[in-house]
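These are the residues of each chain, in order.
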Amino acid sequence: MSNTITLKYTVSSDDFTRAGEASSTVKSKLKQMNLPPEIIRKVAIAMYEGEINMFIHANGGEITVEISPTEIVIVLEDKGPGIENITQAMTAGFSTAPDNIRSLGFGAGMGLPNMKKYSDEMSLSSNVGVGTTVTMKVFIK
Amino acid sequence: MTVKDIATLLDAKIICCEDSLGRELHAACGADMMSDVLAFVKDQSVLLTGLCNPQVIRTAEMMDMVCIVFVRGKLPDENMIELAIERNIPLLSTKHRMFTACGLLYSNGLHGGATN
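Which chain is which? The protein sequence lines are A and B, in order. Counting in the working numbering, the first sequence runs from 1 upward without gaps. Counting in the working numbering, the second sequence runs from 142 upward without gaps.
Extracted from the complex, chain A is given alone in its bound form:
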């Protein structure tokens, strides 16, 4: 386990301009580690979508990224409203984002499906009124 690097980030809910900073930092770190560009892009997109989701839906949250020689594990935890119907939330095009978020370029209902697409494994657990945890894995080998 000594080869595993753990990074932790707090996503704020009050500044849209800063949403995506954590994903950007992780992307830079992965580049410094000379990981293959395809792996870096998968992690960057999946995490960025998650980070934006936290901003839009959950009043922010915490992201933990674990980088080991074989995989990158991204855990997104929030204490937001939770997801009532996960199947519906995973459907491409379904969104509960308000109009002001659409005017910022997000809320097309592609976030969760895209996170699933860009990760090799994804699990989601959610309790209404308690929060949501999404775990995504991208395999390196």
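Because the hints were derived from the structure by calculation, they are not lab data. Heads up, some of the hints might be wrong.
[Stated by the list, open to error] In silico SDA-like cross-links for lysine to any residue, where the CA-CA straight-line distance does not exceed 25 angstroms: (1) A:K31 / B:L162; (2) B:K183 / A:S95; (3) A:K29 / B:K236; (4) A:K31 / B:K215; (5) B:K183 / A:P36; (6) A:K31 / B:E223; (7) A:K42 / B:I226; (8) B:K215 / A:T17; (9) B:K183 / B:C193; (10) A:K31 / B:F181; (11) B:K183 / A:R41; (12) B:K236 / A:R41; (13) A:K116 / B:A255; (14) A:K31 / B:N220; (15) A:K42 / B:Y247; (16) A:K29 / B:E223; (17) A:K117 / B:A255; (18) B:K215 / A:N100.
[Said to hold, decoys possible] Footprint (simulated), chain B over chain A, 3 or more residues, beta carbon under 8 angstroms: (19) 13-19; (20) 31-45; (21) 100-108.
These numbers were taken from a predicted model, which means no experiment stands behind them. Even for Gly, the Cβ is constructed at its ideal location relative to N, Cα and C.
Fit chain B to the given chain A structure using the hints.
Coordinates of chain B only, in the frame set by chain A:
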């Protein structure tokens, strides 16, 4: 086609990263929804958009895009320019509307590239 060629074809103002104007581009996409860019774009190296906020720069960064063109004369603010300089992504601004800007690039050989 290079970033400089795009600036010439679109009569665009070059806002930052002049050092990177020689970079090659092979495909483009035009969108105002960053959600759709993240979901449907693959290997397109220039993003044309009428949306003007910092998440446009972030989206281009995550997608490894080479250059961003703001259409309809939109101009990025200081914060966006700073982000783009940090990531070395040239920003251009053209007075053309989205349809015309895309058409000009397409008719000069830049295509839509692979769909994802």
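Run the structure past the numbered hints and jot down the numbers of the failing ones, going up.
3, 4, 12, 15
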